[in-house]
Amino acid sequence: MQLIFLIAIIFMMVREVIPFGDIYVLRVLSQGMCLLVVIVFFTANSKRVSFKKYLPLLLYILSEVISAILSKSIVYASLQIISFGAVTLFFIAYNNDELVDDKSQEALKIIAKLGVFFIGISLLLMKLAPAYASYYNKFDGVTRLRGLFQNPETLAYYAAIIWGLVVFTNSNQLSKNFKIITSLICLPALLLAMCRTFWVAWFVASIITFCIRSFSKLYLILGIWFTCLCIILVVITGVKLPFSTIKKNVRIESITNLSGRIYLWEAALERLKERPLFGHGLGSADDAFKGEESRSNPKDMHRPETERSFRPTMHNGYIQSLLDGGVVGFIFYLITLAKAFYNLLIYSDKKYLSPLYVVTFFLVANLGQSAIMGTATFSGIIGWYFIIYGLRLGGHINRSVFRSICS
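For the sequence shown, the numbering used here gives the first residue as 1, with consecutive numbering after it.
Just so you know, these hints were derived from the structure itself, not from any lab. Take the hints with a grain of salt, since some may be wrong.
[Stated by the list, open to error] In silico DSBU-like cross-links for lysine-lysine, where the CA-CA straight-line distance does not exceed 35 Å: (1) K273 with K109; (2) K273 with K53; (3) K52 with K72; (4) K52 with K339; (5) K72 with K273.
From just these sequences and the hints, can you work out the full model?
See below:
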């Protein structure tokens with residue numbers, strides 16, 4: 001099962017950087033293996049699994065099954081929930097192993113090193129093949145780094161996730177030198193991808209995780225002093241910051257309407273009225289938005305159809321869940337995320353800091369992107385693994401972390 005876990009995630013990683021045939025080839029191989037293991041494992045070991053810990057997730061899956069049956073796109077929605085169910089149930093089976101902590105650490109070390117390699121190559125391509133590695137946003141007039149990946153958002157996901165996996169892993173698992181190298185590779189990539197949502201998510205997740213860490217106060221104090229020192233030096237030396245360039249790169253103008261997302265979210269709430277209880281089916285919410293392309297970005301109204309910026313995503317995982325699964329699915333979705341985060345937050349063992357960082361990152365990123373939905377991407381599959389990992393900790397409560405924070 002350890003090998004299947006590693007292969008399933010690596011296939012999703014490779015799928016996003018190497019054009020290996022059809023985009024579904026590696027996904028089918030990855031999730032097909034998970035489905036096979038699920039069938040075999042639960043047939044023989046269903047009585048050994050404590051399903052109570054995973055009840056919110058199981059109810060969420062059940063609600064999405066009902067949603068798929070009632071969906072207009074019943075075939076597509078059913079395939080999506082089979083895919084999602086295969087991966088999540090596989091993770092439940094995988095976490096049933098008492099030695100999963102040590103085994104997953106070894107697998108995640110391999111995944112982290114592969115991720116650092118992909119991101120490092122992406123930075124090199126910025127110099128060696130800038131035309132290939134760059135993504136020009138014609139609406140904002142900003143060039144962003146995408147490297148080996150399909151778009152800057154995917155690169156930003158990788159950089160933020162891999163950074164957290166490495167930095168918040170025990171020193172006896174990964175050396176300090178490797179953590180420094182990872183930071184020097186991942187943080188510039190995250191910055192150059194210019195995804196504001198992930199900047200905020202990375203910052204919030206880092207602060208929360210550092211605060212949980214026993215020696216975090218030293219890092220926080222040094223960080224504050226370093227920031228103040230930089231500001232003082234800028235003021236004393238009279239350095240003129242290129243505010244016009246900063247304004248362009250941060251894409252200030254698009255903040256007023258969140259890149260057209262407000263239009264999309266308003267329309268989503270209207271479409272919810274059509275199917276309020278069980279929604280349109282997992283991954284099928286975009287069917288409700290045919291004809292909404294121009295509203296999602298007013299600049300698209302005068303552009304040819306092939307050049308429009310609309311994509312089938314709500315740019316908000318919570319709204320996407322509400323539209324996909326309706327009110328019923330959305331409630332179980334929130335309970336699942338909240339319970340996983342709560343368990344990780346109050347579990348003070350240092351070896352659980354990486355999961356806490358990743359889950360916190362996704363909870364925040366989910367406000368600006370559909371970050372925690374399906375399992376067809378590396379970010380999706382690794383996010384749901386740590387969410388299920390957090391649910392597993394339901395019987396390992398330790399409240400000492402609150403005392404360490406307040407002391």
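Now the hints, each set against the structure:
no., hint, result
1, K273 with K109, "violated (45 Å)"
2, K273 with K53, "holds (32 Å)"
3, K52 with K72, "holds (32 Å)"
4, K52 with K339, "holds (12 Å)"
5, K72 with K273, "holds (15 Å)"
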